[in-house]
Every structure is written in structure tokens, then in C-alpha cells.
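Colleague: Start from the sequences, fold in the hints, and give me the full structure.
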Amino acid sequence: MTIQNANAIVQRIGPCRIALDQAAFPELSRELALMGCETADIATGFPPRPHGLTAGFLSWTQPCANRAFAAALRPFDGMDVLVLQSDGQERRSLEGDLFAAGWQRHPGGMMPGEYPGWTAATLPGVSIWQRVRGSRGEWLGKGVEADALIARYATAATHVRPGDRVLVDGIGAADGASILMASSRAGSVVRVDDGQTSAGGETVNEQFDRLADESIDLIVAIEPAVPTDWLARLDDYARLLKYDGRIVIGWRQGNGDAKRPASWEDFSDAVSDRFLPEKRYVETALGPDPQGARAIFPIEADQVAATDWLMLVASVNPLLGAAHAQGYDHPGFPRARGPLPALVDFGSAYDNPWLYRSMVQMGERLGPDVKLARLAECVIEDSREDSADRGAAIAVLGYRVLEMRRGDLALSMLPLIEAYVGLPLTDDMPVHVRRWRISLAFLAGRLNELADDRASAKRWYRAAAEADWSGFSPLLATKSIAAAFFEARIHLADGDPQTALACFRQGADTALKAAAFPHDRQMGPDGQPLPFYLQELAEVIDMGSQCANALAHFPLWQRDPGLFWRQVDIRRFGLASWARDLERENERLRAA
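Going by the numbering used here, the residue at position 399 of the sequence shown is 399; the numbering climbs one at a time, nothing skipped.
Heads up, a few of these hints could be off.
As the list claims (entries may be wrong) - Below, a list of computed lysine to any residue pairs in the SDA-like style, where the Cα atoms sit at most 20 Å apart: (1) Lys259 to Asn205; (2) Lys513 to Asp542; (3) Lys371 to Asp269; (4) Lys142 to Ala295; (5) Lys259 to Thr307; (6) Lys513 to Glu539; (7) Lys142 to Gly292; (8) Lys279 to Glu300; (9) Lys371 to Met404; (10) Lys371 to Glu403; (11) Lys142 to Glu223; (12) Lys371 to Arg274; (13) Lys513 to Asp468; (14) Lys142 to Ala100; (15) Lys279 to Gly367; (16) Lys279 to Ala373; (17) Lys513 to Ala538; (18) Lys279 to Asp308; (19) Lys279 to His159; (20) Lys259 to Thr228.
What the hints assert, rightly or not - Here are the simulated distance ranges between beta carbons: (21) Gln62 to Gln11: 22 to 30 Å; (22) Glu27 to Ala71: 24 to 32 Å; (23) Glu466 to Gly495: 19 to 27 Å; (24) Arg384 to Gly407: 24 to 32 Å; (25) Pro561 to Glu536: 27 to 35 Å; (26) Val144 to Gln62: 16 to 24 Å.
The set of hints was computed from the structure by calculation and includes no laboratory data.
Cβ atoms here follow ideal geometry from the backbone N, Cα and C, with glycine treated the same way.
Modeller: As C-alpha cells, this is what we get:
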């Protein structure tokens with residue numbers, strides 16, 4: 001477990017200067033060094049240095065926390081972070097000495113899945129502590145009574161999208177802001193502060209006086225302050241959120257006053273009047289012991305669950321932004337950075353660019369799937385026939401049909417694709433429309449396979465394989481390469497190896513052309529490359545490598561087709577889709 005332990009430490013605090021008992025943990029010291037850490041023996045002293053993070057690792061195995069534990073903490077006094085490995089000792093005693101020695105809980109020290117390890121009696125096997133610099137955190141400086149609140153903020157952090165401007169309103173907002181910044185890729189955080197805390201960062205009063213309407217990407221409201229009543233507070237949140245914004249909100253069930261909802265039904269109805277509910281969270285004990293392990297886990301927004309804690313995730317309806325495209329600015333790719341590559345210039349590409357994060361972007365878009373599909377249907381009904389909005393919506397809905405394996409519904413999707421791809425290709429056609437034409441041609445091939453129309457599938461795959469992806473981005477070559485590969489697969493199954501061979505060759509050639517493309521025009525400004533670009537380019541090359549693999553092993557097909565296919569990794573073609581399909585199958589098996 002030494003490699004895993006070292007990896008867990010570095011993942012949490014990064015490569016740094018770290019002191020530990022090297023005589024007791026020689027393997028851990030070596031693994032940390034191999035992961036970029038400067039290691040030192042705590043027994044020989046560890047003088048501080050002006051730059052870089054310094055951390056300590058302390059393993060405490062004695063049965064209780066006594067004066068010896070306080071003494072063991074002293075050599076780490078000058079360090080920024082402490083990694084404590086404990087062994088089931090009484091939690092209150094350990095924490096008392098830690099707090100007295102100037103430590104507090106690290107804001108990134110509890111991930112959502114780690115909440116059960118923090119019980120009333122004991123700490124988890126490994127816990128992360130932060131040196132108090134200035135004022136101690138109101139909740140990060142507390143013990144078991146802070147666990148649930150920290151877990152709620154850690155859960156909320158999973159809903160932060162890259163670049164988001166986040167508003168934190170509620171109990172422990174200062175520590176909540178620290179947790180969000182330590183656990184997510186938020187661009188900035190502003191918190192509600194009544195002036196009673198001395199923590200730094202951007203603040204706003206309870207009336208949100210300095211916040212402009214439609215200026216916030218995500219609101220995290222955990223037991224928020226309510227100047228008048230909770231319904232009015234929801235109205236405030238609706239006013240502040242952008243048209244692709246999201247809210248994570250939680251209250252303890254009220255007793256009929258105006259400060260919090262009295263029931264889940266009241267809460268859900270009020271949120272539904274203003275937002276699109278996506279999921280709710282339930283907090284519960286994992287066993288009969290009320291002081292034992294607890295967990296927070298998601299359930300469907302309309303699922304009944306007996307709990308006094310009401311926590312819900314909801315999104316603004318992006319269709320409301322249709323008349324406000326001029327105000328769009330993607331927080332991950334802001335206009336202030338200068339001219340945007342066409343790849344991420346969503347404001348110019350879509351009639352309603354607020355749809356992009358809510359409907360298109362995987363990992364950020366609306367949930368659950370049925371609600372996402374309904375959003376796509378609405379866009380198809382209302383959008384221009386030659387818009388990027390319509391192409392994106394057809395793709396979202398078509399892939400939903402493919403994931404459900406509904407061959408009957410595939411037949412209803414194909415005319416939509418035929419009409420969109422059949423529009424005349426002109427020189428002034430927007431590049432994102434070109435993008436969706438190619439993507440939809442590939443999708444049509446998949447849907448025709450689902451509907452058992454192999455001739456049409458080959459025709460659509462051929463169209464996608466021969467399409468000009470260079471007008472949009474070499475990253476779009478994944479569709480052309482996959483189309484060539486899937487067409488080859490059909491030809492082999494039909495006993496036509498020569499045509500299949502030509503398709504594999506085309507897939508490999510396309511990957512080489514995409515790799516040789518002048519990427520400097522696509523990757524973004526110097527020093528600020530698009531974070532996904534090289535990763536997705538690697539997927540292009542990886543797909544091409546499987547076409548090359550098929551060419552290299554093609555003689556095996558004549559010997560034994562199964563032997564040939566075992567040399568080719570077909571999961572590389574749509575790995576994300578393959579993973580989702582596998583998870584859905586596992587869910588069906590668990591439910592059976």
C-alpha cells in the first residue's frame with residue numbers, strides 16, 4: 001500500500017517539501033521522492049524555507065492521545081500542512097491537541113466519499129491538517145460538530161464547473177468558500193458576510209447590493225441567511241444566476257416559520273417554480289449507531305426519502321436566455337483573454353449560447369437524462385433549421401436514443417439528421433454547424449446499425465469519413481476516423497476484406513493529417529492553451545493507432561477473425577460512450 005499512500009498524499013497536497021520519520025517509513029519516503037517531493041528526516045530537524053509548501057507526516061499508533069502526542073506534534077510547528085495517520089484513537093482527544101498546537105482541518109481534507117470515515121468516535125485513517133495563519137476558521141477549527149457542514153460543502157464542490165463565479169451564502173460561508181476553492185476549479189468565490197468574520201476574500205452583504213443580476217454561475221446556499229422569508233431568497237437567487245447557472249441549496253426542515261421550508265414538497269415546488277430540479281441529496285447514518293458513520297448520497301429529485309435535511313441541485317432553464325445572447329461569456333474561456341479559437345467561441349456560434357453548458361458539455365449539462373432529452377426536444381422544436389443549436393440538440397437526443405438501444409426511436413431521429421445534413425454546404429456556413437453535420441453523419445451510421453439497416457449505416461459512415469473536419473478543428477477527426485473504422489467492421493462482417501482494408505487505411509491516414517495540422521491556431525493564446533486540446537488530440541491519434549493496428553494484423557483475419565479482433569481495442573472508439581453503456585448495464589443488473 002506504500003505506493004497508494006504516497007500517491008494519495010501527493011494528490012491531496014501536491015509535490016512539496018515533506019518531513020517524516022525516515023527510519024520508520026523508508027519505503028514511503030522513497031515513493032514520495034519519486035513523486036517529486038523533497039523528503040527530510042524529522043529527527044534531524046526541518047528548518048523552514050521562504051518559498052514552497054512544507055508538510056509533515058506523523059503516524060500515531062499509541063492507544064490514546066496523551067502528552068506524548070502533543071510532544072510528537074511540536075517538531076511540525078513551522079510547517080504548512082500535517083498528514084496524520086491515526087489508528088482508531090479517541091477523536092476528541094487527538095483533535096484537542098491538534099487545535100491547541102495551531103492546526104485546523106484542511107479545506108480540501110474531506111472529499112464527499114470520505115465523509116463516512118469521520119465518525120464521532122474516531123478520525124479516518126489518514127487526515128489532513130492546515131497550519132492556522134491569521135484567524136482560525138469558524139468551522140474548520142471544530143471537531144465532529146463540523147463534519148456534516150464540511151461534507152455538504154465538499155458535495156457542493158462537485159457541481160462547480162471550470163471558471164465558475166460562485167456565490168456562497170449560509171452557515172460557515174467563509175470556510176465554505178475555502179473548501180470550494182480547495183476542491184474545485186472555480187474561477188472566483190464571493191461569499192455573504194455580515195461583517196462578523198475576519199476571513200479574507202470577496203464579500204457581499206445579505207441584500208446582495210453589489211452583485212449585478214445574471215452575474216453568478218453557481219450558488220451554494222447551505223442554511224442561507226433569510227432577511228425576510230425563504231421564498232424571497234429563492235427569488236434573489238433566480239435574479240443573480242446566469243441563464244446557464246446552477247444552484248446547490250440546502251435547509252434543515254422548518255417548523256412553519258418563514259425562515260425555511262416546512263416540508264420537502266414545499267421546497268421542491270418552490271424550486272420547481274424558478275429552476276429545473278436535477279437531483280436531491282440525502283444525508284443519513286449508515287448503521288444503527290447515531291454516532292457512527294454517516295454519508296451524503298444523491299437520489300432522483302422526485303424520490304421520496306425520510307430526512308429532515310433538504311438539499312437540492314437545480315439549474316436555470318437555459319431557454320430563458322434565447323433573447324440574451326449578447327451578454328454571453330463562457331467563464332472558462334472569457335472574451336477578456338483576447339480572440340477565441342473557433343473551437344470555444346460559443347457566443348458567436350449559437351443563437352442561444354446559454355445552451356452550450358446546459359445541453360452540450362458533458363460533465364456539466366442538465367440532468368437527469370430524461371430532462372436533458374426534453375430540453376433537446378424543445379430546442380429542436382424552436383430553433384432555426386440551419387443553426388448550431390439545432391444540430392447540437394439533434395445530437396443530444398440521438399445519442400440518448402442510442403444509449404437506450406431504442407431501434408424504433410432511431411427511425412424517428414434519422415429524418416431530422418437527413419434534413420440537417422442535407423442543407424446546402426456553403427462557404428459562409430458557420431464552423432459549428434459544419435461540426436454538427438459531421439457529428440450527425442457519424443451518429444446516423446450508429447442509429448442505422450441499431451435499426452439493422454447496414455447499407456444505410458455504411459453510406460453514412462462513408463459521408464462522415466470523407467467530411468472536411470479541417471474547417472472546424474482536427475479534434476473533430478475522431479468522427480471521421482471512427483466512421484472509417486466502423487465501416488470497415490461492417491465490410492469485414494460482410495466478407496469484403498479489400499474494402500475494409502481501404503477503410504482502415506483511410507482512418508490511419510486521417511489521424512496522421514490531424515496530427516500534422518497547424519495546431520497553434522487552434523490551441524488558444526500563448527501561455528493559456530485550451531486545457532482539453534492535447535488530450536483530445538491524443539484520442540485522435542489513439543483511434544488512428546487502432547486503424548494502423550488493424551492494418552498490421554490484417555493477415556490474421558484470414559486465419560481466424562476472432563484472433564484478429566482481439567488485437568484491436570474497439571473501446572477506443574467512443575470510450576466515454578462505452579463507459580456509460582457499461583454503467584447502465586451494471587445498474588440494470590443491480591436492480592434485477
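Colleague: A separate judgement is required for each hint: does it hold in the structure or not?
Modeller: Against the structure, the hints:
1. Lys259 to Asn205: 18 Å, holds
2. Lys513 to Asp542: Holds - the C-alpha atoms of Asp542 and Lys513 are around 13 Å apart, at most 20 Å.
3. Lys371 to Asp269: 17 Å, holds
4. Lys142 to Ala295: The hint holds at about 19 Å.
5. Lys259 to Thr307: 18 Å, holds
6. Lys513 to Glu539: 14 Å, holds
7. Lys142 to Gly292: Given pair Lys142, Gly292 holds - Cα atoms ~18 Å apart, limit 20 Å.
8. Lys279 to Glu300: Cα-Cα ~5 Å, so holds.
9. Lys371 to Met404: 15 Å, holds
10. Lys371 to Glu403: 15 Å, holds
11. Lys142 to Glu223: 18 Å, holds
12. Lys371 to Arg274: Holds - the C-alpha atoms of Arg274 and Lys371 are around 16 Å apart, at most 20 Å.
13. Lys513 to Asp468: It holds: about 11 Å lies between the C-alpha atoms, which stays within 20 Å.
14. Lys142 to Ala100: The given pair, whose Cα atoms are some 12 Å apart, holds under the 20 Å limit.
15. Lys279 to Gly367: 8 Å, holds
16. Lys279 to Ala373: 16 Å, holds
17. Lys513 to Ala538: Judged against 20 Å, a Cα distance of about 13 Å means the pair holds.
18. Lys279 to Asp308: Given that 20 Å is the threshold and the Cα spacing comes to 17 Å, the pair holds.
19. Lys279 to His159: Between Lys279 and His159 the Cα gap is close to 11 Å, so the pair holds against 20 Å.
20. Lys259 to Thr228: The hint holds at about 7 Å.
21. Gln62 to Gln11: 22 to 30 Å: Check passed, 28 Å falls within 22 to 30 Å.
22. Glu27 to Ala71: 24 to 32 Å: Distance hint for Glu27, Ala71 holds at roughly 26 Å.
23. Glu466 to Gly495: 19 to 27 Å: Given a distance of about 23 Å, which is inside 19 to 27 Å, the answer is holds.
24. Arg384 to Gly407: 24 to 32 Å: 30 Å, holds
25. Pro561 to Glu536: 27 to 35 Å: At roughly 31 Å between Cβ atoms, Glu536 and Pro561 fall inside 27 to 35 Å, so the hint holds.
26. Val144 to Gln62: 16 to 24 Å: 21 Å, holds
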